[in-house]
Amino acid sequence: MENISIPNKKNKIPLLEVKQLSLSFPQYKKGFEESYIQVIRDFELTIYPGEIVAVVGSSGSGKSLLADSILGILPENAAINGTLLFKGVALTKNRQEQLRGKAISLIPQSVKALDPLMKTGRQVQGIIRDKKDKKRIQEEAFLKLGLAPGTGDKYPHELSGGMARRVLIASAMVSEAQLIIADEPTPGLDELAWEETLSNLKQLSEGNRGIMFITHDIQAALKIADKIAVFYAGETLEIANKEDFSGKGEVLRHPYTKALWLALPENDFKVLKGNQPESEDVFPGCVFEPRCPIATGLCKTNKPDSTMINNGITRCFYA
Amino acid sequence: MLKINNISYKYHSDHWIFDSIQLNVNPGEVVGIYGPSGVGKSTFAKVIAGYLKPDRGSIIVNGKVSPQIGRNPVQLIGQHPEKAINPHWRMKQVLAESGEYSDGFLSELGISKEWMHRFPSQLSGGELQRFCLARAIAPETSYLIADEMTTMLDAITQAQIWQTVLLLVERRQLGMLVISHELPLLKQISNRILNFEELARAI
Numbered sequence: 001m002e003n004i005s006i007p008n009k010k011n012k013i014p015l016l017e018v019k020q021l022s023l024s025f026p027q028y029k030k031g032f033e034e035s036y037i038q039v040i041r042d043f044e045l046t047i048y049p050g051e052i053v054a055v056v057g058s059s060g061s062g063k064s065l066l067a068d069s070i071l072g073i074l075p076e077n078a079a080i081n082g083t084l085l086f087k088g089v090a091l092t093k094n095r096q097e098q099l100r101g102k103a104i105s106l107i108p109q110s111v112k113a114l115d116p117l118m119k120t121g122r123q124v125q126g127i128i129r130d131k132k133d134k135k136r137i138q139e140e141a142f143l144k145l146g147l148a149p150g151t152g153d154k155y156p157h158e159l160s161g162g163m164a165r166r167v168l169i170a171s172a173m174v175s176e177a178q179l180i181i182a183d184e185p186t187p188g189l190d191e192l193a194w195e196e197t198l199s200n201l202k203q204l205s206e207g208n209r210g211i212m213f214i215t216h217d218i219q220a221a222l223k224i225a226d227k228i229a230v231f232y233a234g235e236t237l238e239i240a241n242k243e244d245f246s247g248k249g250e251v252l253r254h255p256y257t258k259a260l261w262l263a264l265p266e267n268d269f270k271v272l273k274g275n276q277p278e279s280e281d282v283f284p285g286c287v288f289e290p291r292c293p294i295a296t297g298l299c300k301t302n303k304p305d306s307t308m309i310n311n312g313i314t315r316c317f318y319a
Numbered sequence: 320m321l322k323i324n325n326i327s328y329k330y331h332s333d334h335w336i337f338d339s340i341q342l343n344v345n346p347g348e349v350v351g352i353y354g355p356s357g358v359g360k361s362t363f364a365k366v367i368a369g370y371l372k373p374d375r376g377s378i379i380v381n382g383k384v385s386p387q388i389g390r391n392p393v394q395l396i397g398q399h400p401e402k403a404i405n406p407h408w409r410m411k412q413v414l415a416e417s418g419e420y421s422d423g424f425l426s427e428l429g430i431s432k433e434w435m436h437r438f439p440s441q442l443s444g445g446e447l448q449r450f451c452l453a454r455a456i457a458p459e460t461s462y463l464i465a466d467e468m469t470t471m472l473d474a475i476t477q478a479q480i481w482q483t484v485l486l487l488v489e490r491r492q493l494g495m496l497v498i499s500h501e502l503p504l505l506k507q508i509s510n511r512i513l514n515f516e517e518l519a520r521a522i
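Chain order of the listed sequences is A and B. Under my numbering, the letters of the first sequence match residues 1 to 319, in that order. Under my numbering, the letters of the second sequence match residues 320 to 522, in that order.
Some clues are possibly wrong.
As the list claims (entries may be wrong) - For lysine-lysine, the following DSSO-like pairs were computed, each having C-alpha atoms within a straight-line distance of at most 30 Å:
{"id": "1", "chain 1": "B", "residue 1": "K402", "chain 2": "A", "residue 2": "K29"}
{"id": "2", "chain 1": "A", "residue 1": "K202", "chain 2": "A", "residue 2": "K242"}
{"id": "3", "chain 1": "A", "residue 1": "K112", "chain 2": "B", "residue 2": "K402"}
{"id": "4", "chain 1": "B", "residue 1": "K372", "chain 2": "B", "residue 2": "K383"}
{"id": "5", "chain 1": "B", "residue 1": "K432", "chain 2": "B", "residue 2": "K372"}
{"id": "6", "chain 1": "A", "residue 1": "K270", "chain 2": "B", "residue 2": "K432"}
{"id": "7", "chain 1": "A", "residue 1": "K223", "chain 2": "A", "residue 2": "K242"}
{"id": "8", "chain 1": "B", "residue 1": "K506", "chain 2": "A", "residue 2": "K270"}
{"id": "9", "chain 1": "B", "residue 1": "K329", "chain 2": "A", "residue 2": "K154"}
{"id": "10", "chain 1": "A", "residue 1": "K30", "chain 2": "B", "residue 2": "K411"}
The hints are simulated quantities; they were obtained by calculation from the structure and are not laboratory data.
Generate coordinates for the entire structure from the input sequences, incorporating the hints supplied.
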């Protein structure tokens with residue numbers, strides 16, 4: 001797996017390194033017959049300090065489970081395998097518990113994560129280590145994110161969706177987190193709020209924080225991410241650079257990434273037939289083979305390894 | 320024709336959400352409505368679909384004042400299919416509540432037969448949204464209102480769903496109002512695009 005480190009950063013230690021991560025859940029079909037369904041397979045991702053890496057995938061592809069795996073908040077019955085390293089040291093269950101909410105922090109998908117009975121300012125202050133300067137630090141963070149003075153004295157229900165989202169981002173900003181996982185922070189926002197949320201996330205990455213940006217919105221990913229990991233049916237099919245998404249997607253390496261790019265209404269609005277496979281479907285070959293326009297017999301029977309092509313990574317025999 | 324006749328609506332007595340909106344939608348026509356959050360687009364959609372009663376003005380569907388008794392020919396599809404479907408019912412039951420559907424129609428919408436025995440929690444957002452579409456497109460339906468119908472979906476699923484919908488619009492000559500933040504999407508699918516704030520202002 002030597003080939004997956006990005007060359008120009010070879011001497012830096014990555015903040016987060018995920019290798020060959022797989023995740024499965026036991027399932028009971030017909031009585032007590034137990035079988036495992038695999039929801040994540042061979043996932044790989046590296047995030048360096050100061051970097052934003054987007055994980056782009058459709059709903060039901062297992063994106064949020066990735067976040068849970070890194071934070072160590074999976075359900076009891078989940079079976080997890082593979083390597084998780086934070087700053088070069090293994091992320092064990094104990095270490096996850098120690099780091100969670102401190103060095104590793106989550107910006108949750110839903111603004112419902114805010115305590116409805118506590119003023120937002122106090123919620124954010126609760127995270128700040130420096131007990132003497134809590135109020136000032138919180139107010140500065142709110143100001144930086146464009147929240148009007150006095151927002152801290154309001155309850156979550158008094159804020160609009162976009163403002164509540166910014167309070168969540170402020171919590172990450174005032175924390176000592178080095179790695180922030182943002183889980184779908186943009187859906188349902190209008191253009192203005194969308195732009196603002198993205199620039200707020202970008203602000204967070206300044207000061208050497210690493211950000212894992214989980215989203216289904218390619219445009220959002222392209223706007224702020226340095227690298228984009230394309231996630232499909234529990235696998236990373238490609239890790240591309242932002243510049244690769246241009247024109248008709250000629251530079252993109254994987255046929256799924258190309259299809260995703262061409263399906264955007266800004267591009268061709270082109271339809272790819274078929275549905276994402278079910279998690280109980282097992283593929284001896286490539287997961288994308290059933291829908292792939294260029295698949296051959298080889299793709300049906302053999303699983304492509306991840307290979308480095310043109311400063312990105314892909315899993316396709318024909319890239 | 321769907322005639323929206325100077326409708327006005329307010330939640331509180333002192334503030335109009337919108338005032339005197341006038342708009343006609345023809346059969347087979349897709350009208351895009353664009354605007355930022357919080358200007359009343361979704362309230363507008365609910366009023367036209369009959370979920371809320373306008374304080375002033377009327378909605379005329381094919382010459383009759385809406386709503387009439389029976390199934391409303393104007394159907395609304397929202398942003399969150401998981402909130403529009405009974406979580407305790409299997410998908411088969413969800414569809415049965417709304418009518419009978421031919422296999423051909425369901426496969427055209429991309430609904431797989433295997434999904435019928437599942438619960439909503441076992442399907443993805445895009446898959447559920449197809450069921451919401453199937454429910455909304457009954458024989459009586461002549462107008463569809465899509466309020467951020469594909470906002471939660473990835474680009475491929477979005478394109479798939481719209482291709483199907485546009486085919487049905489064409490074939491059944493449905494009229495459509497599409498509410499979205501996404502101008503590029505509206506440009507792809509609409510015959511004309513209106514800015515909601517201008518629409519609500521122009522009298």
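Hints, one by one, checked against the model:
no.: 1; hint: B:K402 / A:K29; in the structure: holds (27 Å)
no.: 2; hint: A:K202 / A:K242; in the structure: holds (15 Å)
no.: 3; hint: A:K112 / B:K402; in the structure: holds (16 Å)
no.: 4; hint: B:K372 / B:K383; in the structure: holds (16 Å)
no.: 5; hint: B:K432 / B:K372; in the structure: violated (38 Å)
no.: 6; hint: A:K270 / B:K432; in the structure: holds (25 Å)
no.: 7; hint: A:K223 / A:K242; in the structure: holds (8 Å)
no.: 8; hint: B:K506 / A:K270; in the structure: holds (14 Å)
no.: 9; hint: B:K329 / A:K154; in the structure: holds (25 Å)
no.: 10; hint: A:K30 / B:K411; in the structure: holds (20 Å)
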